[in-house]
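Undergrad: Put chains B and C on the given structure of chain A with help from the hints.
Below are the chains, spelled out letter by letter.
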Amino acid sequence: MAVILKTQDLNKVYRLGGFIRGTRIQALDNVNLSVESDRPVIIAVVGESGSGKTTLAKTLLRLEIPTSGSATVYDKLVAGKGAEHLHKSFLRLVQPIFQNPFEAFSRYRPVDSYLRETAIRVAGHDPSQAQDAVANALESVGLEYRDVVGKYTNQFSGGELQRVSVARALIPEPSLIIADEPVSMIDASRRMIIINLFRKLRDEAGRSFLYITHDLATAYYISDFIAVMKKGKVVEFGEAQKVMSDPQHDYTKLLLDSIPTIRSRWRTRSAA
Amino acid sequence: MTSEKVSASEMVAGSHKNDVGWTKSILWLFNLRLSIGLIILLVMGLGSFILPNFAPADPSVQGTYTRYLPPSAEHFFGTNALGQDIFWFVVESVRNSLTLGVVVAFGVVIISTTVGLGAGYIGGRFERITMLFVDTFITIPLLPVLIILGALIRGNTSFLVVGVIIILFGWAWNARTVRSMALTLREREFINMARFSGSNTAEIILREVFPYVAAYTLVGFINTILFAINTEAALAVIGLSKIEVPTLGSIIFWALNYNALFTGHYGWLVAPIVATIALFLGLFLTSTGFNAAFAERRGVQ
Amino acid sequence: MIRISDLVISYRTGRGTINAVDGLSIGIPDGCIVGVAGESGCGKSTLMKAVYGDIVSPMSLTGGSIDYGFSDRNGKPVTSATVTRQWFRTLSYIPQSSMNSLNPVIRIREQFIDFPGIDSNKKRVLEQAREYIQKLGLPVEAIDSYPHQLSGGMRQRMMIALATFFQPQLIIADEPTTALDVVVQKEILLLLMELQEQMGNSILIVSHDMGVHYQVTKRMLIMYAAKAVEYGDTDSVFNKPLHPYTRMLIGSLPTIGDDRARHGIPGSPPSLWGDLHGCRFADRCPLATERCRNEEPPLVEHKPEHFAACHFAGQELTKMEGGKWQ
Numbered sequence: 001m002a003v004i005l006k007t008q009d010l011n012k013v014y015r016l017g018g019f020i021r022g023t024r025i026q027a028l029d030n031v032n033l034s035v036e037s038d039r040p041v042i043i044a045v046v047g048e049s050g051s052g053k054t055t056l057a058k059t060l061l062r063l064e065i066p067t068s069g070s071a072t073v074y075d076k077l078v079a080g081k082g083a084e085h086l087h088k089s090f091l092r093l094v095q096p097i098f099q100n101p102f103e104a105f106s107r108y109r110p111v112d113s114y115l116r117e118t119a120i121r122v123a124g125h126d127p128s129q130a131q132d133a134v135a136n137a138l139e140s141v142g143l144e145y146r147d148v149v150g151k152y153t154n155q156f157s158g159g160e161l162q163r164v165s166v167a168r169a170l171i172p173e174p175s176l177i178i179a180d181e182p183v184s185m186i187d188a189s190r191r192m193i194i195i196n197l198f199r200k201l202r203d204e205a206g207r208s209f210l211y212i213t214h215d216l217a218t219a220y221y222i223s224d225f226i227a228v229m230k231k232g233k234v235v236e237f238g239e240a241q242k243v244m245s246d247p248q249h250d251y252t253k254l255l256l257d258s259i260p261t262i263r264s265r266w267r268t269r270s271a272a
Numbered sequence: 001m002t003s004e005k006v007s008a009s010e011m012v013a014g015s016h017k018n019d020v021g022w023t024k025s026i027l028w029l030f031n032l033r034l035s036i037g038l039i040i041l042l043v044m045g046l047g048s049f050i051l052p053n054f055a056p057a058d059p060s061v062q063g064t065y066t067r068y069l070p071p072s073a074e075h076f077f078g079t080n081a082l083g084q085d086i087f088w089f090v091v092e093s094v095r096n097s098l099t100l101g102v103v104v105a106f107g108v109v110i111i112s113t114t115v116g117l118g119a120g121y122i123g124g125r126f127e128r129i130t131m132l133f134v135d136t137f138i139t140i141p142l143l144p145v146l147i148i149l150g151a152l153i154r155g156n157t158s159f160l161v162v163g164v165i166i167i168l169f170g171w172a173w174n175a176r177t178v179r180s181m182a183l184t185l186r187e188r189e190f191i192n193m194a195r196f197s198g199s200n201t202a203e204i205i206l207r208e209v210f211p212y213v214a215a216y217t218l219v220g221f222i223n224t225i226l227f228a229i230n231t232e233a234a235l236a237v238i239g240l241s242k243i244e245v246p247t248l249g250s251i252i253f254w255a256l257n258y259n260a261l262f263t264g265h266y267g268w269l270v271a272p273i274v275a276t277i278a279l280f281l282g283l284f285l286t287s288t289g290f291n292a293a294f295a296e297r298r299g300v301q
Numbered sequence: 001m002i003r004i005s006d007l008v009i010s011y012r013t014g015r016g017t018i019n020a021v022d023g024l025s026i027g028i029p030d031g032c033i034v035g036v037a038g039e040s041g042c043g044k045s046t047l048m049k050a051v052y053g054d055i056v057s058p059m060s061l062t063g064g065s066i067d068y069g070f071s072d073r074n075g076k077p078v079t080s081a082t083v084t085r086q087w088f089r090t091l092s093y094i095p096q097s098s099m100n101s102l103n104p105v106i107r108i109r110e111q112f113i114d115f116p117g118i119d120s121n122k123k124r125v126l127e128q129a130r131e132y133i134q135k136l137g138l139p140v141e142a143i144d145s146y147p148h149q150l151s152g153g154m155r156q157r158m159m160i161a162l163a164t165f166f167q168p169q170l171i172i173a174d175e176p177t178t179a180l181d182v183v184v185q186k187e188i189l190l191l192l193m194e195l196q197e198q199m200g201n202s203i204l205i206v207s208h209d210m211g212v213h214y215q216v217t218k219r220m221l222i223m224y225a226a227k228a229v230e231y232g233d234t235d236s237v238f239n240k241p242l243h244p245y246t247r248m249l250i251g252s253l254p255t256i257g258d259d260r261a262r263h264g265i266p267g268s269p270p271s272l273w274g275d276l277h278g279c280r281f282a283d284r285c286p287l288a289t290e291r292c293r294n295e296e297p298p299l300v301e302h303k304p305e306h307f308a309a310c311h312f313a314g315q316e317l318t319k320m321e322g323g324k325w326q
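Residue numbers (my numbering), protein chains in the order written: chain A, 1 to 272; chain B, 1 to 301; chain C, 1 to 326.
Hints were generated in silico from the structure; no laboratory data involved.
All of these numbers come straight from a predicted model, not from anything done at the bench.
Warning: the hint list may mix true and false statements.
To be verified - Okay, the calculated beta carbon distance ranges per label pair:
hint : chain 1 : residue 1 : chain 2 : residue 2 : range
1    : A       : V3        : B       : A215      : 48 to 56 Å
2    : C       : T82       : A       : S245      : 48 to 56 Å
3    : A       : S49       : C       : D54       : 50 to 58 Å
4    : C       : R107      : B       : V274      : 51 to 59 Å
5    : A       : R199      : C       : D283      : 24 to 32 Å
6    : A       : E139      : B       : I50       : 57 to 65 Å
7    : C       : E127      : B       : L132      : 51 to 59 Å
Ideal placement from N, C-alpha and C gives every residue a C-beta, glycine not left out.
Extracted from the complex, chain A is given alone in its bound form (with noise of 0.2 Å):
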């Protein structure tokens, strides 16, 4: 079985204020997580915020360092020392999709130039080539090439930026999507298009995905693992559907119980 995700040890630390009298926040504290599979798999992260699940994706992205400990991701270091920042490499084995999608491009360059550098960039392709790369990774997230080239930010939808981001993701056929709360900016009406491309591109193109989120019903939808973090910990981690049906920790239970959902009511509503 490979080890798709690996954390030892992983701490985080932030020093708000100066010497004397900062306070120290403990972001990610001692956090170990191992996953393992044969086939490409859907890990959710899912917690509040302050749980510590942004700071662990930006961790792995290498876009925060961590105080100490160290990740893998299928056994290339990715996190921790001698992690070197953003290697060639690392950019072909871990990519993101970020939360706000109107953010994720430069209002004054067309989305379509983002792809196209990541396919000849990352990705290695030949310049002649990259077009092609770009329409395949449009065509899997639904996107046809010529309806995105050109445009700007302003011209999308945001359910539409975010799949051109997942799509230019895909490109360099990385090991792990670390997707931050992707679907949060999105109407709720459009983001199982989102969520179940997740799955889709799990199944056919065998992408593996890191899914952060605050949303507990999505995350059990469509992950095969679920971790569960409070204040930096994980406090509970397993197979999605076991996690969620027999929660074994208290918060976790306390997550599920306080979930609004629509299937049955917290209390009767007092007739009008």
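TA: Below, chains B and C without anything else, positioned relative to chain A:
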């Protein structure tokens, strides 16, 4: 926060989905203020560069005409105590002042933008050292230093040196502002996107960060022209610039020297003042006009 | 009963005028929590602003009316023109972000005293306030704190305290729990429901979270492209939605424990700038016919107290195939 939390202006802007890119037409730029400013500048700029070709004589040469001639058809503003035609002198000085202003503005903008973007984006030790440098220059008071320099090298310097000195003292403030803009831009998500697309630092500064700073740079450019002309004029009035060269400041210097105010030769003093005000008005309107156009554009988006 | 009749709210911009709310007519019964749901740009925030009376240029009320049904202190009925004077008296507002609404440099008690109460004795008002916030689960010292000293949940409770202190008839809550953690959200929503039961007021709540609507509201309004497309009892709307949009919307929500396939609604709402005629959902609707594209369906009571704007209201959507509605 989800995309549902959309305010009215966002909803309206969202409908701009069908615009062709962000430069759909340059027309959004031209509001009334900007148009008037540009017209003034165009008239004065073209006028000051084209007209001197038709001057009957070199305006800076003294003693060409009889002194103190009153305004007439031949001499629109009359002549001054040095026997120069005031009108042609003013035209030439507008040209010189404007040229100085533009050259200085170029110098300042290029240096400050490069330094500011570099420091702001790269950060770390590079930024700290650079900003130390910048802050030192900011705190040096311009006018006193220029006065001292001027007194030391009075009249023995070329016009160019005056320009270089003004650049040297003008770039720092802009650099600081550009740096703070770069600092906020550095945190934005599309910078990370560019890095994950394989861009290197130089490309990111140029292609990702700079466009967001461009509007400020343009306005800063025009403001610097104003600043440069102003500073040179101030120096000239106290006699510390190269006063043989016709500039707006040097006319006033000579006029004051010859007591034009008291001898009733108002033309000598009024002409350059009117020209200066017109020039400054043009620059000011253009600068604030651009500012307003960009702000409106930003507001909609 | 608050009666909204043919309400049209327009925005005037350099490009022309659009109607952010385009002819909305509903009745909000007294003592009822009504939820308003819809995608971004559907007009729900504008509707809230209109009901609250926060209509400033370039926004304007260009058609229809709002009949509030309650009177001010002097017995005169409140109208759209006079409603701004009723803020925090007979109607109040709970915003999404409490940090943006509480003055960060003064203690919270100052804001309570600042209020347009009837009682000129500030001390007495403060005493009552102290008692009141304890009922809402806040420690009594909270009122003497600065906003940043309280947690997000406590601040939102404080906003609710401010909003309900003078026992308003109508409370407008625009995404009141969106910025909160899910655990705190549940507490706040339960608190809101409890207060509503005690005071018998009406609440208009906007949320993008359908789960919140299901838990809290008695009646639901679904908006789409500036129009009301469905309005009825929450149970009815969730279990037997009449409008295809509502159907597809609810059908796209994943639920824990439910392993059925979920699908988003492809496409996007029409631009309000464009040429709008016929049903605005026609482009994305699997049931759309020529009639739908030409003739706008009116909001009609298809079942008792359950309104929908659709020519085919209640009709079954045919089976899903390969992720696409047929």
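Undergrad: Kindly indicate which numbered hints from before are broken by the structure, ordering the numbers from low to high.
TA: Violated hint: only 3; rest satisfied.
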